[in-house]
Structure formats: C-alpha cells, structure tokens
Amino acid sequence: MKNKFSLFIVVIFLSFCFVILYKGLNTTNNYTPKTNEKKNIPSFKTRDFYSNNYVNSDKIFEENIFYIVNIWASWCVPCRAEHPLLMQLSKNQSIKLIGLNYRDNFNNAKKFIDDFGNPYSKILIDKDGTLGVEFGAYGVPETFLIDKDKNIIKKFVGPINQEIVNEIKLIIK
Amino acid sequence: MKVLKIFIILFIVANFSELKSTEANDVLKNKILKNIRCLICQGQSVYDSESEFASSIKLIVDRKINEGLKEKQIYQFLREKYGDWVIFDPQLNKNTYVLWLLPLLLFLFGGAIIYKKIILNKNNKI
Numbered sequence: 001m002k003n004k005f006s007l008f009i010v011v012i013f014l015s016f017c018f019v020i021l022y023k024g025l026n027t028t029n030n031y032t033p034k035t036n037e038k039k040n041i042p043s044f045k046t047r048d049f050y051s052n053n054y055v056n057s058d059k060i061f062e063e064n065i066f067y068i069v070n071i072w073a074s075w076c077v078p079c080r081a082e083h084p085l086l087m088q089l090s091k092n093q094s095i096k097l098i099g100l101n102y103r104d105n106f107n108n109a110k111k112f113i114d115d116f117g118n119p120y121s122k123i124l125i126d127k128d129g130t131l132g133v134e135f136g137a138y139g140v141p142e143t144f145l146i147d148k149d150k151n152i153i154k155k156f157v158g159p160i161n162q163e164i165v166n167e168i169k170l171i172i173k
Numbered sequence: 001m002k003v004l005k006i007f008i009i010l011f012i013v014a015n016f017s018e019l020k021s022t023e024a025n026d027v028l029k030n031k032i033l034k035n036i037r038c039l040i041c042q043g044q045s046v047y048d049s050e051s052e053f054a055s056s057i058k059l060i061v062d063r064k065i066n067e068g069l070k071e072k073q074i075y076q077f078l079r080e081k082y083g084d085w086v087i088f089d090p091q092l093n094k095n096t097y098v099l100w101l102l103p104l105l106l107f108l109f110g111g112a113i114i115y116k117k118i119i120l121n122k123n124n125k126i
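Those protein sequence lines, which keep their order, are chains R and E. Residue numbering for the first sequence follows the UniProt record's numbering, beginning at 1 and increasing consecutively. Residue numbering for the second sequence follows the UniProt record's numbering, beginning at 1 and increasing consecutively.
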C-alpha cells in the first residue's frame, strides 16, 4: 500500500516536470524590450551633425513640445523604409524630430539626407554608439517619443509604420 | 647627478604605479564585461562578442570605470536601460526568489528525509 502510494507520487512529480519542461521548450526566451516604460531622457553631450560643435541635451529639448528621437544610419535598410513616414511626421507643428546618426560615415549620411530629404530639426552624431545605449537602444532603427515633461513615454524598436505614425499623432494631439 | 638618479627612480616608480592601476581597471572591466549579456547575440557575453552593441557597451563600461563608478552601479545603470535580462548573474528580487531559494529548500527537504531515515534505521536496529 505504501509502495503504491510513493509510486503514484513519483509519477505525478515526473509528469509535472515533463509538462513544465515541454512548455519551456515552446516559449522563446529572447530579449524583448519594454516599450511602455516612462523614463527620463538621459543627459548627454555630443556633436552636432552639420556644425560639428558640441551640444548639450538640455539645449536640444528646450521647447515645451513633443519630441521624437530617431536613431538612424545610412547603411541601415529599414531606415530607408521608414524615412517617408518621418518626413510626414515632420510636417506636424506640435512635434520636433531629432535624428541620432548611429555609427555612420559623414559623407554617406549626408548623401542619405540629400537624397531622401531631411525630416529632422537637428541631427546629432553618435559615432561609437554610446549615446544609443544612454537611450536604452540596442540597434537601428529605434524611435523614442518624448512628452512635454521630457520623459520617454514610448519606444518603437524597428522601423515605424503607418499604424505607429497614427498612434503618435493621436498621442500628440 | 644624484638628484638626477633620484628623479629617474621616482619617474619609474610613478610609471609603475600607473601601470598597476590600469591593470586593476582592466581586471575589473573584463569581469564586468563577462557578466553582461550581448543583446544582439544573446547566448554570448559582451566580452566574447564582436557586435556593434557589444563594442558600444565596452566603451560605456570603460568610461563608467574611469568616472569612478563601482561594479554594482554599472550593473544598475545597465539594468535601468535594458532590464534584469542584461546581467548574467541574477539579482535576488521578487522575480528571482524561486530561483535562489528553491535549491536551498530542496536541500533542506532532502536532508530532512535522509536524517529521518538514518534515525529510523538506528531505532530499528536497536
């Protein structure tokens, strides 16, 4: 009687382990960034794209409007896809776009802007990728929506699409 | 001449101490980098990885060490940016209680069973 009971317990325990491990096989355990976390914008100092002078972060986010920080590079293919949408967003009066040129060659980046147009009110250089890390990005393209209180309220990993543009427009209204 | 000698010795000693301090920094830096997960190639540590993300993190860690930040503060900085996932060595918090305490509980439980068996066996023999 006692033997049967312990066998029963062991079987239950093993099948429990099996189910847990089997479920574990099916769930991907990759890094998925939190996109809705409210965070302060980092304070930083970096070079301006055109003038090559140092600019301070409090100087950039001076006005009392919404900002978008977009990390881009001329070598990044999805950046080309999202560029027309950025151009469309830049026509909006209540938002300002800041470009973060990520690990790029100046001439290539300049050609990119000349060819496709410049949606950014200011472009900053992120030569070694450390500024992207300050924002919590881990690749290109990434887009951050910053509210009037200078908080990052939303993060979009990967190229933005029409849906995201509509969402942004709804928020900044 | 003597003054010159003393000067040269002082110069060398000063240089050595500088060498030592950077060595200590390198050891710390490598220790930290080995404990940070590269988010592009997620099985690797930043130390092993050659990705752009990893090289940026290497620069950041180097800079933070030079700014005088402690190991824990650097982890805290990265954790704020990327979450707990970015550090290999998990911290004890409400998400990891089970992870940390379950082995201890199992150990105590198993120990209790073994202890009881031994005691029972002894009692039976008597």
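It is worth saying that the hints were derived from the structure and are not from the lab. Owing to the predicted nature of the structure, the values given are computational and were not obtained by experimental measurement. It is possible that part of the hints are untrue.
Examples of chain R residues toward chain E, derived with CB under 7 Å [stated by the list, open to error]:
| id | residue |
| --- | --- |
| 1 | THR27 |
| 2 | CYS76 |
| 3 | PRO78 |
| 4 | CYS79 |
| 5 | ALA81 |
| 6 | ASP128 |
| 7 | VAL133 |
Straight-line Cα separation of at most 20 Å, PhoX-like style, residue types lysine-lysine; simulated pairs [as the list claims (entries may be wrong)]:
| id | chain 1 | residue 1 | chain 2 | residue 2 |
| --- | --- | --- | --- | --- |
| 8 | E | LYS70 | R | LYS127 |
| 9 | R | LYS39 | E | LYS81 |
| 10 | E | LYS58 | E | LYS94 |
| 11 | E | LYS34 | E | LYS64 |
| 12 | R | LYS150 | R | LYS127 |
| 13 | E | LYS81 | R | LYS34 |
| 14 | R | LYS154 | E | LYS94 |
| 15 | E | LYS31 | E | LYS72 |
| 16 | R | LYS173 | R | LYS91 |
| 17 | R | LYS122 | R | LYS91 |
| 18 | E | LYS81 | R | LYS150 |
| 19 | E | LYS70 | E | LYS34 |
| 20 | R | LYS38 | E | LYS81 |
| 21 | E | LYS64 | E | LYS31 |
| 22 | R | LYS38 | R | LYS127 |
| 23 | R | LYS111 | R | LYS34 |
| 24 | R | LYS148 | R | LYS38 |
| 25 | E | LYS34 | R | LYS2 |
| 26 | E | LYS81 | R | LYS155 |
| 27 | R | LYS45 | E | LYS72 |
| 28 | R | LYS59 | R | LYS150 |
| 29 | R | LYS173 | R | LYS34 |
| 30 | R | LYS2 | E | LYS70 |
| 31 | E | LYS116 | R | LYS45 |
| 32 | R | LYS111 | R | LYS59 |
| 33 | R | LYS111 | R | LYS45 |
| 34 | R | LYS45 | R | LYS34 |
| 35 | R | LYS34 | E | LYS34 |
| 36 | E | LYS72 | E | LYS94 |
| 37 | R | LYS127 | E | LYS117 |
| 38 | R | LYS45 | R | LYS122 |
| 39 | R | LYS173 | R | LYS148 |
| 40 | R | LYS59 | R | LYS148 |
All residues carry an ideal CB built from backbone N, CA and C; glycine is no exception.
Each hint tested on the structure:
Violation of the interface hint for R:THR27 is found here, the shortest Cβ-Cβ separation to chain E being roughly 14 Å, above the 7 Å cut-off. Checking R:CYS76 against chain E: minimum C-beta separation of about 11 Å lies over 7 Å; hint violated. Residue-level restraint check for R:PRO78 is violated (minimum Cβ-Cβ distance to chain E is 15 Å; threshold 7 Å). Annotation: interface hint on R:CYS79 violated; nearest CB of chain E at approximately 15 Å, more than 7 Å.
Because the beta carbon of R:ALA81 sits about 20 Å from the nearest beta carbon in chain E, more than 7 Å, this interface hint is broken. Proximity of R:ASP128 to chain E holds as hinted, the smallest CB-CB distance being about 5 Å (cut-off 7 Å). Evaluation of the R:VAL133 hint against chain E yields a held restraint, the C-beta minimum of about 5 Å falling below 7 Å. The hinted pair formed by E:LYS70 and R:LYS127 fails the criterion: a straight-line CA distance of about 26 Å is larger than 20 Å.
Between R:LYS39 and E:LYS81 the alpha-carbon distance is near 9 Å, which keeps this suggested pair within the 20 Å criterion. A hinted pair counts as satisfied when its Cα atoms are at most 20 Å apart, and E:LYS58 with E:LYS94 does not qualify at roughly 29 Å. As the CA atoms of E:LYS34 and E:LYS64 are separated by approximately 16 Å, the hinted pair is consistent with the 20 Å bound. With a C-alpha separation of about 24 Å, the suggested pair R:LYS150 and R:LYS127 falls outside the 20 Å cut-off, and the hint is violated.
With a C-alpha separation of about 10 Å, the suggested pair E:LYS81 and R:LYS34 falls inside the 20 Å cut-off, and the hint holds. Our distance criterion of 20 Å between C-alpha atoms is broken by R:LYS154 and E:LYS94, whose separation comes to about 26 Å. A threshold of 20 Å between alpha carbons decides the hint, and for E:LYS31 with E:LYS72 the separation of about 12 Å falls inside it, so the pair holds. Distance hint between R:LYS173 and R:LYS91 is fulfilled; the C-alpha atoms sit about 14 Å from each other, no more than 20 Å.
For a cut-off of 20 Å, the pair hint linking R:LYS122 to R:LYS91 stands: about 14 Å separates their Cα positions. In summary, the hint linking E:LYS81 to R:LYS150 is supported, as the alpha carbons are separated by about 17 Å, within the 20 Å threshold. Restraint check for E:LYS70 and E:LYS34: satisfied, since their Cα atoms lie roughly 16 Å apart, inside the 20 Å limit. In summary, the hint linking R:LYS38 to E:LYS81 is supported, as the alpha carbons are separated by about 11 Å, within the 20 Å threshold.
Restraint check for E:LYS64 and E:LYS31: the C-alpha separation of about 14 Å stays at or below 20 Å, so the hint holds. Only pairs whose Cα atoms come within 20 Å are accepted, and R:LYS38 paired with R:LYS127 is rejected, the gap being roughly 26 Å. Note on R:LYS111 and R:LYS34: the hinted pairing is violated, with a Cα-Cα distance of about 34 Å set against a maximum of 20 Å. Taken as a hint, the R:LYS148 and R:LYS38 pair is honoured in the structure, with Cα atoms around 13 Å apart against an allowance of 20 Å.
About 51 Å separates the Cα atoms of E:LYS34 and R:LYS2, which puts this hinted pair outside 20 Å; it is violated. At roughly 12 Å between alpha-carbon atoms, E:LYS81 and R:LYS155 fall within 20 Å of each other, so this suggested pair holds. Restraint check: the Cα-Cα separation between R:LYS45 and E:LYS72 comes to about 24 Å, which exceeds 20 Å; the hinted pair is violated. This hinted pair checks out: R:LYS59 and R:LYS150 have alpha carbons roughly 12 Å apart, not beyond 20 Å.
Simply put, R:LYS173 and R:LYS34 have alpha-carbon atoms about 24 Å apart, too far for the 20 Å limit, and the pair is violated. Restraint check for R:LYS2 and E:LYS70: not satisfied, since their Cα atoms lie roughly 57 Å apart, outside the 20 Å limit. Annotation: proposed proximity of E:LYS116 to R:LYS45 is violated, straight-line Cα distance about 66 Å (limit 20 Å). Pair hint R:LYS111 plus R:LYS59 does not hold up; C-alpha atoms about 27 Å apart against a cutoff of 20 Å.
This hinted pair does not check out: R:LYS111 and R:LYS45 have alpha carbons roughly 25 Å apart, beyond 20 Å. With a C-alpha separation of about 25 Å, the suggested pairing of R:LYS45 with R:LYS34 is violated against the 20 Å cut-off. With a C-alpha separation of about 24 Å, the suggested pairing of R:LYS34 with E:LYS34 is violated against the 20 Å cut-off. Distance check on the hinted pair: E:LYS72 and E:LYS94 sit about 19 Å apart at the alpha-carbon level, within 20 Å; holds.
About 66 Å separates the Cα atoms of R:LYS127 and E:LYS117, which puts this hinted pair outside 20 Å; it is violated. Under the criterion of a C-alpha separation no larger than 20 Å, the hint pairing R:LYS45 with R:LYS122 is consistent with the structure, at around 14 Å. Distance hint between R:LYS173 and R:LYS148 is fulfilled; the C-alpha atoms sit about 12 Å from each other, no more than 20 Å. Taking the CA atoms of R:LYS59 and R:LYS148, the gap is near 14 Å; set against the 20 Å cutoff, the hint holds.
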